[in-house]
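Enquirer: Below, each chain spelled out in residue letters.
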Amino acid sequence: MDAIWLIPALPVAGFLLLVVAGRKLGDPAAGWVATLAVAGSFVVSAAVFLHLLGLPAEERNVTVTLWQWLPAGSFQVSFGLFFDQLSGVMCLFITGIGALIHLYAVGYMKGDPHYSRFFVYLNLFVASMLLLVLGDNLLMTFLGWEGVGACSYLLISFWFTDPANASAGKKAFVTNRIGDLGFMLATFLLFVSLGTVNYTEINAAAPKLAGVTATAVALLFFLAATGKSAQLPLFVWLPDAMAGPTPVSALIHAATMVTSGVFLLTRLSGVMAEAGWANGLIAWVGVLTALVAAGAGVAQNDIKKVLAYSTVSQLGFMFLAVGTQNYVGAIFHMITHAFFKALLFLGAGAVIYSMAHEQDMRRYGNLRKYLPVTFVTMGIGWLAISGIPPFSGFWSKDEVLAGAFNAGPAGPVLWFLGITAAVLTAFYMTRLMIMTFFGGAEHWRTDAAESLPEGGADEDAELSVAGHDTGHGAHSDDAGHDHHHLTPDHTPREAPVTMLLPLVVLAGLAVVGGLMNLPFSHRLENLAIWIEPVLAGEHELPGAAVLWVLAILATAGAVLGVWFSYRVYQQHKVAPEKVEKPVLAHAWYIDETYAKVVGGPGEASFDAVAEFDQKVVDGAVNGVGSGTRWIGRALRPLQPGFVRSYALGVAVGSVLVLAFVVTRMSL
Amino acid sequence: MTGFVAVLAATEDIPTPDVDWSAIAPNLILMLGGILLLTVVSVVRGRLPGWFHAVWTISVATAAIVAVVPLWQRVQDSGPESVLAGALVLDGFSLVVTATICVSVILAALLLEAYLRRERLGGPEWYVLMLLSASGGVTMATANDLVVVFIGLEILSVAVYVLAAMHRRRVSSQEAGLKYFVLGAFSSAFLLYGIALTYGATGSTNLSRIQAFLADTVITQNALLLGGLAFMLVGFGFKVAVVPFHNWKPDVYQGSPTPVTAFMATAVTAAAFAALLRVYVTTFGPTYRTEWQPLVAALTVLTLVVGAFLAISQTNVKRMLAYSSINHAGFVLLGVLAASAAGDAATLFYLVAYTFMAAGSFAVVAVVGRRGDGHHDLSDYQGLSRSRPGLALVFTILLLSQAGVPLTAGFLAKFYVLAAAVESGYTWLAVLAMLTAVVSAFMYLRIVVTMYFAEPEGEPRRPRIPAAAGLAMGLCVVGVLVIGIVPGPLSDVANDAVSQLVAVGR
Amino acid sequence: MTLQLTGSWYLVLAAMIFAIGAVGLMVRRNPLVMFMCVELMLNAVNLTFVTFSRLLDDVGGQAVVFFVLVVAAAEVVVGLAIIVAIMRRRQGANADDVSLMRG
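Protein chains in written order, with our numbering: chain H, 10 to 676; chain G, 1180 to 1685; chain C, 26 to 128.
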């Protein structure tokens, strides 16, 4: 089974081929090459996976050392791939979903002037992501970590031609660099205390770590994860990242890259088991992120932004699971989330595609009549994410919440906050479905773009995102068009079959994904049986009776959310503004304190979240940039250009050096 | 008269030291190669093709590298030796630095050939001076005596002062020459004063004797010695551009002809760091480490921070790279600061990696500068990805390597020095260094973004890429990638070289 | 009472000359004078070397002085050439005029 090197090698080959010949292959051959590369990688992954399935649990891993990266000396690192139960599962869903999204992009990107370049980035991304999960040591993971980050910036700013406008990419860059710093430091710390960066050796030696060290390492890796996986307080870049093409949002900013933080902490479960209170912190950050982001999701009008906040929120659930050492739950939810969130994003992409690249949901309505396939598949995604049994999201979310419930004295509180977020999730997802597919009114026919109520504080951002989306090459044939060319006489048409096929497949997976890990008896917990041998850490689900109660409560919560949303947005029993207010005010408390701490403006509405994001965080990001520039400029007068001033500098320096030395002299 | 005859008739030998010519072969090749070039050219003036000087220089440098190989074997087999009555030392460290300097001569000569042609300048002097300067650098790296260090430094520097001012038509070139010269002489005086004080305190200028003396003797009155250490640090600090002795660097790098800048950034830096390391770590490390480490730590902080922050506020790419090289010097200083075998290996690794990164980057700058060597503004890089996609890609790889992205040489170079610093207990400094790396990453990214995303004002110009410059860039990119992907051989060599860093007396 | 000229007198004198040279380089603007200040510093070092050589009864220190003299001579040659090249371009220039590059 040495063939595992093919798993990352195929996308790399695709990448190289497209770099060399991409422009010649053109549209759509370049896209097909890229798709085939990833699909081939999926086939290899599946073959290795099936092979491992036939082996006893302790032999289920393959290590292939391609070459000694850093040989000799005290510091040995191999360029090695490690395919075991955990990385195998990751490979399967990365390549599987990756292939589907590539296929989708073949149709979605049609006509883009940089068609082949898009697939170059996309293949490079998949290769990096596979290195990230397959690496047998921290440095390999870091390599992939940086690679996916770079591809992410490149793809976020894919449609930006002016660097001044690429603030979304910039924001992603800054937050991710903060995270990377944590990664590097933690790696050093582990290396200095254990003398290795190899995962197997680290997890084996972890019990020897001093408690403080383990906690510090865990916190630093968590810092890295908050950047990459968009958790509080570094989640702000993800909603902005939606400026990129929709397949990118689905692949990178929903299914794969943003979950790498979860993967990293799971991979290091041995260290996490020693990390003490760091785990509690992770759980709390996770659940609060879930709550805050779900709240923010309610106030968005851009369909992709709703999904973006929803992603942040679902990632929060995964970290809640990691923090309660419920790694199986985390991975389970990661996989099902990848299914339904990719589905929702691709569905949203199909809607946007049919609606002439309009992303504002207030201009949709009654689309089920025009887009039956998209409607049905997205409907499945909606039920799955809302946690309605028997769809996949129900099982994984329930597992996460049940695990949290059982996690020490604070468990019930964590569970309650989690279930609140779940209710909000059901609420905003139902809102999305109703605004898009239901309601008799076809708003693009009735409402002109200018007449939309000035609701969202992030209106400008949304419009600019929408603007760039429309600016893309699908409409390069009518160059010089304006942003909003969704005309009242527009008739939405279903997207081409390459785009619909992935939707159908993902919808199927979103329905049956729960089968991976059914809680009825231990025999049915396939995922748990599969992964647990490589995990450390104590974790137990509550007893069967409690489990049933929790499950029923969760279902009730989901139904409640859906029903509430239905009342507001479909039946119009209550004006949306009126109903939103208590909800808005509730989450605003969190935001207000947050805003006060940072010194930003707080406004008494849910939109304050968005406002905060715009003003304070953007300001902070730009502030970091302009601040460093300012420091630089302030230092420049030290360089006046006169020889004598430079000599003075040298002389002053030597006087200082001498002054220091004098303190050490013994005469 | 009879006395004179008696002197002539005297049979007893004047004692002369044994000269092991093979041990100093690389240095001799460089020096004689330079002198011979000058001689040959003056004899057959005008009948030599234009490319002759460059080919000669490259051959000489290659020959010197070839001469290093058997010496390396010898050192690996039978350990380090002292040569020329203890004036020089033959060890792995000096040999690797020698080879590095020769590589930078080759790269700079390739650049120079293209550059001189474009600028309509000529003459063998450029190459002669470069070879002599390299010989000075090798002397510095091999020195086993403070006086030899000083002489090597002067041979290196005096030639570079001239090279900096060699572009007759550029005012800024002469300005660079004058600034470098006045300040360089100033700082040499500091170095020399430090050597004098050290001599007074230890009774010798020979490094191995100083080391032995310090190991045997407990100095109760250490004022002289510490003063000497402080003054020498100023002298070395100036050469490697440690803040606050750095301020010549941006002006000189910007003003000098770009190939000369490339030579300075690589050969001069490597030689100066080699000498700094040998004096401070090897000689004074075992006994006086605790005295200079806090000082060097403080200087490292300043160097890292000032280099990164000032680089960001620049709009001239050449100047940006000059400031970024100050930041790099801070990283190398981390390796020196560690004062351990790992630190020495890391320093050496960084110097080799930086040679490729810096030479390649300045090669791109030289090409984009176009005739007159003046188009170095950030706006001159707008649209480069379209007019010269290959050039933009090369620059991107080199800049990413400077920023420390994995799978490039820069990542491992940074990683090794940081690991060495952490191992020696300077975790806080490693954190700070990483922060400054983030700051300078902004700057590198800014250049990359400008090349790829900025719309050029008017028609983007296609800078001509001469074959020689293209070859130099190719070598640098290959070097950066090979070191990044298969660093094994180099890190083996660095580790072997450092374990040999033992100053040996007679 | 006769003044005992011990070694430290020479050392202190040398240190003072060194300082005078260093300050001179910073306050004067004529490149030639600045350069002479460097020479002053180098000669201060020579004096230090010779003094130590006597104190330590070691001839090595005196040998160093010869090297320093040679190096100083080489620097003069190069330095004057650069200064003359600049002076020829700009009559009566002082060191502060040479400040195109800054920041």
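It should be emphasised that the hints constitute simulated quantities derived from the structure, not laboratory data.
Check each hint, because a few of them may be wrong.
[Unchecked claim] Incomplete in silico selection of chain C near chain G, CB under 7 angstroms: (1) M41; (2) G49; (3) V52; (4) L57; (5) M59; (6) M66; (7) V70; (8) V89; (9) V90; (10) F91; (11) F92; (12) A98; (13) A99; (14) V109; (15) D121; (16) M126.
Cβ coordinates follow ideal geometry from the N, Cα and C atoms, glycine included.
Enquirer: Please go over all the hints and tell whether each is borne out by the structure.
Expert: To see whether the hints hold, each was checked on the structure:
1. M41: The hint is violated - M41 (chain C) has no Cβ within 7 angstroms of chain G, the shortest such distance being about 12 angstroms.
2. G49: G49 (chain C) check fails; min Cβ-Cβ to chain G is 11 angstroms, beyond 7 angstroms.
3. V52: 13 angstroms, violated
4. L57: 11 angstroms, violated
5. M59: Interface hint status for M59 (chain C): holds (6 angstroms vs cutoff 7 angstroms).
6. M66: Hint holds; M66 (chain C) Cβ to chain G Cβ min 4 angstroms, cut 7 angstroms.
7. V70: Check passed: Cβ of V70 (chain C) comes within 5 angstroms of chain G, closer than 7 angstroms.
8. V89: 5 angstroms, holds
9. V90: This hint is violated: V90 (chain C) lies away from chain G, its Cβ roughly 10 angstroms from the closest one there, beyond 7 angstroms.
10. F91: Violated, because the Cβ-Cβ distance from F91 (chain C) to chain G comes to roughly 10 angstroms (cut-off 7 angstroms).
11. F92: OK, holds: F92 (chain C) within 7 angstroms of chain G, min 6 angstroms.
12. A98: This hint is violated: A98 (chain C) lies away from chain G, its Cβ roughly 11 angstroms from the closest one there, beyond 7 angstroms.
13. A99: Because about 6 angstroms separates A99 (chain C) from the closest Cβ in chain G, which is inside the 7 angstroms limit, the hint holds.
14. V109: 11 angstroms, violated
15. D121: It is violated, given that the least Cβ distance between D121 (chain C) and chain G is near 12 angstroms, above 7 angstroms.
16. M126: Where the cut-off is 7 angstroms and the nearest Cβ of chain G is about 4 angstroms from M126 (chain C), the hint holds.
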